[in-house]
Amino acid sequence: MDKQKAYWIYTKMNEIRNFEEKVRKIFSTGSIPGFVHLYAGEEAIAVGVCAHLSDNDYITSTHRGHGHCIAKGCDLNGMMAEIFGKETGLCNGKGGSMHIADLGVGMLGANGIVGGGFPLAAGAGLTAYVRETGGVAVCFFGDGANNHGTFHEGINIAAALKLPVIFVAENNGFGEATPFEYATSAKTIADRAASYDIPGIRVDGSNLVDVYQAAEEAVERARNGEGPTLIEAITYRTYGHFEGDNQAYKSESDSENWPVEVDCIDKFEQYALKKSLLTKTDISEIKDNAHKAVEAAVAFAENSNEPSPDTLTENVYVQYK
Amino acid sequence: MARKITFSQAINEAMDIAMEKDDKVVLIGEDVAGGATVDHLQDEEAWGGVFGVTQGLGNKYGRKRVIDMPIAEAGYMGAAVTAAVTGLRPISELMFNDFIGSCLDEVMNQGAKIRYMFGGKAKVPLTIRTNHGAGAGAAAQHSQSLYGMFTAMPGLKVVVPSNPYDAKGLLLSAIEDDDIVVFFEDKTLYSMKGEVPEGHYTISLGKADIKRNGEDLTIVAIGKMVHVAMDAASKLAEQGLEAEIIDPRSLSPLDEKTILQSVDKTGRLLIVDEANPRCSIATDISSLVANKGFDSLDAPIKMITAPHSPVPFAANLEKLYIPTANKVVKVAEEVVGELTLARY
Numbered sequence: 001m002d003k004q005k006a007y008w009i010y011t012k013m014n015e016i017r018n019f020e021e022k023v024r025k026i027f028s029t030g031s032i033p034g035f036v037h038l039y040a041g042e043e044a045i046a047v048g049v050c051a052h053l054s055d056n057d058y059i060t061s062t063h064r065g066h067g068h069c070i071a072k073g074c075d076l077n078g079m080m081a082e083i084f085g086k087e088t089g090l091c092n093g094k095g096g097s098m099h100i101a102d103l104g105v106g107m108l109g110a111n112g113i114v115g116g117g118f119p120l121a122a123g124a125g126l127t128a129y130v131r132e133t134g135g136v137a138v139c140f141f142g143d144g145a146n147n148h149g150t151f152h153e154g155i156n157i158a159a160a161l162k163l164p165v166i167f168v169a170e171n172n173g174f175g176e177a178t179p180f181e182y183a184t185s186a187k188t189i190a191d192r193a194a195s196y197d198i199p200g201i202r203v204d205g206s207n208l209v210d211v212y213q214a215a216e217e218a219v220e221r222a223r224n225g226e227g228p229t230l231i232e233a234i235t236y237r238t239y240g241h242f243e244g245d246n247q248a249y250k251s252e253s254d255s256e257n258w259p260v261e262v263d264c265i266d267k268f269e270q271y272a273l274k275k276s277l278l279t280k281t282d283i284s285e286i287k288d289n290a291h292k293a294v295e296a297a298v299a300f301a302e303n304s305n306e307p308s309p310d311t312l313t314e315n316v317y318v319q320y321k
Numbered sequence: 001m002a003r004k005i006t007f008s009q010a011i012n013e014a015m016d017i018a019m020e021k022d023d024k025v026v027l028i029g030e031d032v033a034g035g036a037t038v039d040h041l042q043d044e045e046a047w048g049g050v051f052g053v054t055q056g057l058g059n060k061y062g063r064k065r066v067i068d069m070p071i072a073e074a075g076y077m078g079a080a081v082t083a084a085v086t087g088l089r090p091i092s093e094l095m096f097n098d099f100i101g102s103c104l105d106e107v108m109n110q111g112a113k114i115r116y117m118f119g120g121k122a123k124v125p126l127t128i129r130t131n132h133g134a135g136a137g138a139a140a141q142h143s144q145s146l147y148g149m150f151t152a153m154p155g156l157k158v159v160v161p162s163n164p165y166d167a168k169g170l171l172l173s174a175i176e177d178d179d180i181v182v183f184f185e186d187k188t189l190y191s192m193k194g195e196v197p198e199g200h201y202t203i204s205l206g207k208a209d210i211k212r213n214g215e216d217l218t219i220v221a222i223g224k225m226v227h228v229a230m231d232a233a234s235k236l237a238e239q240g241l242e243a244e245i246i247d248p249r250s251l252s253p254l255d256e257k258t259i260l261q262s263v264d265k266t267g268r269l270l271i272v273d274e275a276n277p278r279c280s281i282a283t284d285i286s287s288l289v290a291n292k293g294f295d296s297l298d299a300p301i302k303m304i305t306a307p308h309s310p311v312p313f314a315a316n317l318e319k320l321y322i323p324t325a326n327k328v329v330k331v332a333e334e335v336v337g338e339l340t341l342a343r344y
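Chains as they are written, first to last, in UniProt numbering: chain A, 1 to 321; chain B, 1 to 344.
So that you can see chain B by itself, here it is in the shape it has in the complex (with noise of 0.2 Å):
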């Protein structure tokens, strides 16, 4: 059996093949060393990020390689941009995906539409690290959960790992890609432990993951909902209904055929997303879905969402925020109705 690591762990080390592997890959972000310049601090004292993903790393590679940056998000950004276009790999890390409203013009306008705008004269080799996600009383400006933004935006790959295996080698194609890679960690996954290979593997942006095999129902889960949905397939298989879930681990590009073949065997699909529900992931393969899969479908398709509102602070407001294996189990009952009546 594999060693078990961390979901932070795994990203560490992705980073830590990667800029081993290529001189050109740097990192930079706010205290992604931690407080750098300070001549005492110890590299396992030093914060490593504020979540500590990045602990160890400004040790090993120095400080020109793992640059602190004042907070100052449209500078770092835009910096790291057009350091992607002259030269360097960088993996540039904002520190809550929320503070993107700091930097959108530099990620939306520049990043984004440099390669097609120069007539593919350029690339722009640079992973942009962020993390997402309710559930840490971080709040309405600490907690969103924005990736289906950012698929809106051509000129964007976007991916989010569920797990630890997932994330490092997802990440080790992210750094490796020529494109801009937005890469989503969710923070309440950071200590999630699973099974991770040392060394060096990718796995292929745009290639769903099938997590559970079932013929009754597909759910396409994203994130940290796949245990959510693995949970609910669980509590759905002592009633015998057999639920297939599907992990896209990239949102762009996204593995169109894996969810319409998975739909044309099951003939229902559920999908799970902590995001608002409006212009969102999930409306987005329900649209696919309902273009392409129609005939496929035995019942409508339906969506488990958060509400359309921010991520309140009071706790018991943002466990109802959230969906839960609950919620799956009901609707994916609704859904099936018609199969269970005809069984029974």
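If we strip away everything but chain A, and leave its shape as in the complex, we get (with noise of 0.2 Å):
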């Protein structure tokens, strides 16, 4: 990891907590339709990952998918805008929080659908095998999906026919509100990689530098046609499954359970202070940065207007009048 590297990696540590803390204030007064569901706590994981991947690549998500579209680059205005369904959103507004896509980033969508992902990687993968376009796919998942049907079809298509395709857990303890111990009949979900003859790995999802060095060895894996790897990532979902979410389900003795006794965030400075990848002025600088950032997406998105009433049938293949 190079100085330039641990610049963008804080930067976009710092500009996914910024943007969900934000929308959780935001959501708070009522003014975000629907219903979101945070990532913040668990930027160590998409932005290790994505830091080993061009636009020439593509990535699935998840309902809880705002820190993975920041990870990949999505633009932050159009993603604010896309969550306030604004037509200057992403998705026109058409999508919302839970299905912000970017094609032009190679970010393949958030999903509604747990377990969604996997055949959804498992295509972007093949037509980088076929086209040889020398590009990977990614699928984000959660502790909730690796109990899915798609799990095994996506995993089992995807190593039979060595696709470059990196599937990462992120193992948070809870599907919804439901303990990962009890909807889970294994250890570990990296286990779970030994039935599709693929190499399992457990990381501490809180410590960015090991999920960056996972994820470089699982790209190039991939890369060099050597088909997928399951990479299991420990962390914790800090606030609900939702926004709103009384969270009794969880307990003091989670925090035991899960690594969560230094944010990931302040992990990493200590750790490019350490190494001198960063500075000190860089620190202040990349935060102050990320909070206008965040700042002007509200404004951008407050000043955008409502889609155009036309474009409710627009966008649907057969247009009915």
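Each hint should be verified, as a subset may be incorrect.
[Stated by the list, open to error] On the chain A side, residues computed to face chain B include the following (Cβ under 8 Å):
hint, residue
1, D55
2, H99
3, T178
4, N303
These are computed hints drawn from the structure, not numbers from a lab.
Ideal placement from N, C-alpha and C gives every residue a C-beta, glycine not left out.
Reconstruct the complex from the two isolated chains, following the hints.
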């Protein structure tokens, strides 16, 4: 990791944190429709993985997708406007928080269906394989999705055909309100890789460097035609399943079981300072810029127009009047 | 006057009564208890489903009868089918009707066909509870109204209640029925209050309810659209037009007789449905009346539905997506145009 990469990483982590804290605040005032699922606290995973990707690579995401979008390079203004349901949003206000997508940067969409991403990532991997684009596809998914049938089908297809796909589990301890251990009949998600004869690696998801290194190897394997890797990153969901969730199912011992004693951004900051990858000036500059970028995104969203009524029936394959 | 409770409470009460009465009734689904195995969790704090509809049942009946499932719809919906065949009477909650995409085989190819394929030698006493409907800002994958799709499948019964009283009586019928019943709950009606008697009562599946009597036109409305139609009827009444409003309550079986009799009386038919228009309940009822009640008609049948598009996220577009009372009034005025002219 060089200084430039560290600067990018720290920027993206701070952009995600600021973005999510801001969305949380605005959502509580009632000016965002629907529901939002926040990624705050899990930044090291999306950023540590996407640090190895370019616009030529694809990712699939989840209902908790804002962090993946930002790490993959989605425009903050377009994202915020989408969450507000404005015409300037990345999906012109049609999709909302759970469906933010930007094909221009290889972002195949947040997703409202748990487990939706596995076959979708395999499909992007198939294109890369057939057309020899040199690209890879990353499937981010939560621990809840690891029990879904599509987990098996998607990973098996990618592994059997040696497609350039990386499956990244974000094990935050809960699938909605249900603890991971209750719903999963395996000690770890990484263990399940053995059934597909692919590497399964478990990393501390709060440690960006661990995620970064595991992803580096996995992406290299995929680019070399050696097939998929399953990475399980252990993390913790700072907030509820959705905003407004009372989270009564969480207990004090949860934080002992999950490595959350040090925030992932602080952890990386200390590392980067120690390794002289970032200076204190860099850090305050990045924090300041991230804050400003998110404030600007909110202003952009607030000042944007609602979508025109005509667009209601546009983009449907067949239009009826 | 009977006490008033919410739509959500009425549904909860129906399940409570059914579970109390018959220990073969079990409730399964994602977070229907909400945090199963979390020791410290006090019942009132547990989720009881993502909308809190099943709250309290986990504590009362224990985790052997109120069972949280992994997020694996194909797995638990298929399990619910054969649990029903082999001796339980499950209520299986599909968190959003949109998630049927993840378990359609289990419902369509297994559950719905078992009784027929096995020569009538199996029963599938399963109730699938699910929610539908736009208006909550939940976007394209959490807002559809898919009851038409289920109605198209032989072997399924389909229920869409519009108020707390009907919801309780219909759900008890559904649970006690020996066939698969898919029970649709509009997520935007959960907080609606209405009079609901205590204790056990049932409403027969296949019996429509005339929510308002009128002579000038018939409006058949599904689920929440009953309220939209009622609003429209009040506005039409100011112009001297009396609409008869029919709530089919169950789409399969469908109370054809009540609909045909009403159209015979009024000569005009409007159908108000929030689902997409093609191959829908609205087209199905249009076709029913065109086929069996053509001679009763004095004007073309009209459908007021969502457009042929997914549910948009943006609040202004979502508002346009859902049929409104004003739209119903406008179309009703067109349909009764001749009648109005004749009067004045």
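Structure-based check of each hint:
1. D55: Nearest chain B Cβ about 25 Å off; hint violated.
2. H99: holds (6 Å)
3. T178: Where the cut-off is 8 Å and the nearest Cβ of chain B is about 5 Å from T178 (chain A), the hint holds.
4. N303: violated (16 Å)
Comparing the model with each numbered hint stated earlier shows that hints 1 and 4 do not hold.
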